[in-house]
Every structure is written in C-alpha cells, then in structure tokens.
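Participant: Single-letter residue listing:
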Amino acid sequence: MNRDCPLIRIRDLANRFGDHVVHEHLDLDLYSGEILGVVGGSGSGKSVLLRSIVGLRRPDEGSIEVFGEDLQSLSERRRSKLERRFGVLFQRGALFSSLNLQENVAFPMIEHIGLARSEAEFLARVKLALVGLPVNAALQTPAELSGGMIKRAALARALALDPEVLFLDEPTAGLDPIGAADFDQLLLTLRNALGLSVFLVTHDLDTLYRTCDRVAVLAKRRVLVAGRLEAVENVDDPWVRDYFHGPRARAARQSPPSSEKS
Amino acid sequence: MSSGVDNAGRLVPRLDSLSVTGDWTLVHYATLQDQVEAARARIGNAEVSSLDLSEVVTLDTAGAALLVELLGAENMTELTKDAPDLPPARRALLHTVAQAMAKPLTPQYQATSPLIDFLARTGEGLERFWRQQRLLLGFIGLILSSLIATLWRPGRWRITALVAQIQQTGLYAIGIVALLTFLVGAVVAFLGATVLQNFGATIYTVDLIAFSFLREFGVLLAAILLAGRTASAFTAQIGSMKANEEIDALRALGLNTVELLVLPRVLALLMTLPILTFIGMLSGIIGGALVCLLVLDISALQFVIILQGVPLKHFLVGLAKAPIFAFFIAAIGCLEGFKVSGSAQSVGEHTTSSVVQSIFMVILLDAIAALFFMEMGW
Ligand SMILES: Nc1ncnc2c1ncn2[C@@H]1O[C@H](COP(=O)(O)OP(=O)(O)O)[C@@H](O)[C@H]1O
Ligand SMILES: [Mg+2]
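As you go down the protein sequences, you meet chains F and W in turn.
So in UniProt numbering the end of the first sequence lands on 262, straight run, no missing numbers.
So in UniProt numbering the end of the second sequence lands on 378, straight run, no missing numbers.
Be careful, since some hints might not be right.
As the list claims (entries may be wrong) - Restraint-style ranges between C-beta atoms, simulated for each label pair:
| # | chain 1 | residue 1 | chain 2 | residue 2 | range |
| --- | --- | --- | --- | --- | --- |
| 1 | W | D117 | F | Q91 | 34 to 44 Å |
| 2 | F | E69 | W | D34 | 31 to 41 Å |
| 3 | F | R79 | W | G72 | 49 to 59 Å |
Think of the hints as simulated: they come from the structure by calculation, not from any bench.
Don't be surprised by glycine CBs; every beta carbon is placed ideally from N, CA and C.
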C-alpha cells in the first residue's frame, strides 16, 4: 500500500445547495489498494461527496485530484478515459430499467471495450454469478427484482470493466446478513487479487469491521477524522463515541476480524 | 492494470500441461479468446494435469473467467489448489470465479418458430384486449360503488382535490379547445361552401356548421383533446405513484385509493367535459360564422336567424354524450395508472396505452351513439 501518493486527493472541498452547506473545508485521501470506509449520519453528505469525486457534481470550491489529475480541468475525452477506471454502485442501484440484468452488465463492456455482444454477455453472466445472483436472473429486468438483488446486480455492473477504483454507496443496505457476509468476502477477494481501491459508504458495522483498512467519519460538514479503525474509535467526539460504542458496534467488534485483511 | 505496453496473455501448451503468460485482462479479451479457442482445439478432451501460472503478469475477473471456461470450474479448483508459486490472492480470485461458474451459466431460452410466435402474439393480444375490457368494467363498478358510498357522507368529499383537478383539466384546457374547434369550424365552413356552391345552396353552410358542431364535433373534439391531455396525465400521475410504492403506502394506511385518487378525477372530468363541449360548440360555430361573414357574404343577422331555426334537441344530443365520454376517459386514464408495474418505462407504456384506448373508446361510443340516435329519430 502506497502511503505517500494518494490515488484520490481532496482538498478544501465545499458543496452547497442554495444556502444549505453540505461540505466545507473537507480534506480526504484515498490510497491505492485500500478499502476506505466512509461513515456519517444520514444526510451528512456521503452520497454528495461520492458524486463529486466521480465527476457527477461540480464542487463549489476546492480541488479533487484523481490519479494525479484534476478532473474538472480535463478535456471531455481524457475525462471519459479516466472515468472508465472507476466503478460506481449507486445508492439505489440505478440499473437501466429497459435492459435486463445481463444487458445491464454487458453494456459498458460493449461500449467501452468493444466486445462482441455474445462475449460481453458471457462475461456479464460470470459477474452476475460472482455477486451471487441465480442464473435465471440474467434475463430479468430490474423492475422484477427485490432491493437486495438490485444491489447485487448493480455491483456486478460496477465490476464490469474491472475498474481500479470502486465507489460503493451503501452496498449492503437491503441485503440479508448472509448476502452481506458474502459481499464482504467478495470485496476482500477482489481487492487482494486485483489491487482495487475502494471508497465504501456504509452503515453496516460488520462490513466496516471486516473489510475496511481505514475509516473516515463525515460530520460537521467535513471529515472529522480519518484513520485506522482503532484510532478512529477512540476519538473524543460524541457522535463518534455513540457510533462506535453503541450496542451494535460492540457486537460487530466482537466477531473475529477476517484473516485475509491485509 | 491497463498497462500501455501490449503484453496480451498467451497460452503455451506443453505435453499435458498448460503454461499461461502475460496480461489476462479485459482490454485484451478478443486476443485472449482466440488463444483459448486455439488451445481448446489442440487439447481436445484430454485432461490438463498441470497448470503453470507463474508468468502471468496481471489477471482480472475477465481473464480468470476465460481460463475457468477453458479448463472447467472443478478442474481449475483442483489444479490451483496446491500450486506452490501461485500467490494466495490470485488463487482466491481463481477459486471465487470458478465457484461462480460451477453452475451452468446459460439461462434457458425457448426456441420458437416465427409462425408460432406470430400466432402466440396475436392470441396474446386478443386475450389482453378481452381482459382489459373486463378489467375496465370491473373498475367502473368499483368507481360507481365508491361514488355511492361517499355520496352520503359529505365529510369524505375531497373538495380540494376536486377543485384542483377541475382547474387542471378544465380551466387550463379552455384555450386549446376553443382554438382547435374554432379552426375546425372555419375548415368545415370552407368545405361546405365548396361542395354546396355547386348546387347553389351556399346558404346551407350555416346548417352544416350548426348541425355538425352541436351534434358531433363540439363534443368529439373536446373529448379527444381531453383524452390526449388528461387521460395521459392521470396515468402518469397515478403510475408514478404506483412505481414509487406510494399506492401501496396508501393501502397500508388503510385508505381507499379509489376514493382518494380516482373519484376526484372522475368527478372533475364529469363537470369539465360538458363545459368544454359547450365552449367547443360555441367557438366552432363562431369560426364557421366568421368564414360565412368574410368569404361567403352571409351576414351575421342571416346566420343568427338560420341558427335560431335549428332545433334544441341537436344541442342536447351533443351535450348528453359529454358525461359518458368523460367517465370513460377518466376511468381508462386512472386504470392504466394502476396497472403500472415498478419501472419508469412501464409508466411510459401505460401512458401511451391510455391515450390510444381512450381515443378509441370515445370514437367507438360516438359511433354507437350515432346509430342509436338515428334509430330513435332524434
Ligand atoms: N440535488 C440536491 N438538491 C438539494 N439538496 C441536496 C441534493 N442532493 C443532496 N442534497 C442535500 O445534501 C445533504 C446530503 O445528502 P446525501 O449526500 O444524500 O446524504 P447521505 O450522507 O445520507 O448520503 C442532504 O441534506 C440533502 O438534503
Ligand atoms: Mg446517501
């Protein structure tokens, strides 16, 4: 893990909607090969932060450098090329409702890599199986699926191009505990094998304890603290204390951490 | 990962072992697949008893999927289980992909012939039409029964919703209805004049305009406009509520969705379409009168005198159709909204369907009414 040169470097970021300030003076780094857990209360601006990083929202102030380049100042083509190295799972899945699941996952491969349809759909089925969806789900449309299945399919689409950086917005919300545990395992396997970096917004304390190398706490419009879990847990702040020392956190901490975590 | 250097992976078969080298990533997929096809042809059914992955530079899920496809999931798991120089992370990836691919990956397609497909689609269409009409009949019953149920309880009348709907469907539609019927009135006058001139009967243009607008065009044009403008709006409003599970939320709260959403819309249309019809008749006749005055040299006084000679029953026949059309337009619009399932696409499909159906229904009912009135001699 390269600690010196962050993959994503956010400095002095500000985001506002009218006079509603969501972020102010926000600094955050994502290092190569790490899984960064981002936590914060509902409405604290986790999704907005994610959207700013992947270039879906132009921040009102501040700079966001990705792979050492400022996304905002790049040309359309260079930007599209950079963004291809991202995989994004949106909070509500955002699957294309007019396509079935295998087409959803195959779509970026056909568009960006130029694979033939049959090849792309074969790979799409592999990815759908990888995230634990049954075979016949491949031909179903998003409207026919449950929330948890949509999350899985959205993860498969985020993984379609084997991206270098994964952005996941509450990926385990709506999954059953077994599915969530499988997800944790899959995330670790992929990270270890592919050297992925992961920006993981989550409220799932089990996921946090099992997979994350570092945790960033979003509160008071900025990153209150970012660091290893043990360090963050003991920060003297009421919200952090309630979050990491509530009854649920205690239970999650007692489960043995995964041996594969590096 | 997507290294600029072209180092696409290669497969080198030796005796009964297989050596894999280079980059096995998505960007090289086409090349890799060629390699795999070639290797498959050479290996045939022979078991590969050892696999050398030590010279693989990068490997992602796409590359892993290709390798697993070539060797088979079980075989891959076996081969990599105790490969000494395979990094554990890479082994985990291969195992995970192999595990995912252990089950058959191809969902069952059903092959059918085009003829059978065509017959099936036709049958399906007919059955859907039949089911739709039965559903509509049931829905109309539902509307009537909840109308009667709420009629006795003024406390449950949704006055605010009703007024809002009247404003939306009636007030805001006056302009377009008036303009459209005015233009059609002028067109009918021109048409009548052209034909009737041959018989030296230009003066009957006035009767033509009056009869056609009082009996047919006033109500028909207003109804078709409402079908396009309002039935679609009803479907989109209720449909997006359905897609967003708002309808379910209302039901779970123990509220009657028909009473809450459908009745105000139906009642609003029942009130606005007759008024719009009246406006349509007026403005169509004015359009015709203007043409008569300016082009055909029929004076306004003459026009009014002839108009006074037209029996009242024609006006009543036209107006009587308005509530019936209104009821069907509103019922179809709302019903299509309730039939929306989940996705935004479905909202679009049902909106289209509701416009087509309500226009169809309006014209069908108008034809039936014309037959009926003719038989009755009205
Ligand atoms: N498009 C928008 N317009 C106005 N306000 C927004 C918009 N998107 C988000 N917000 C506001 O930004 C804040 C942060 O939202 P979000 O990032 O979605 O929260 P969360 O941390 O739960 O993901 C919320 O208070 C929300 O109201
Ligand atoms: Mg969010």
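Participant: Please write out, lowest number first, the hints stated earlier that are contradicted by the structure.
Facilitator: 3
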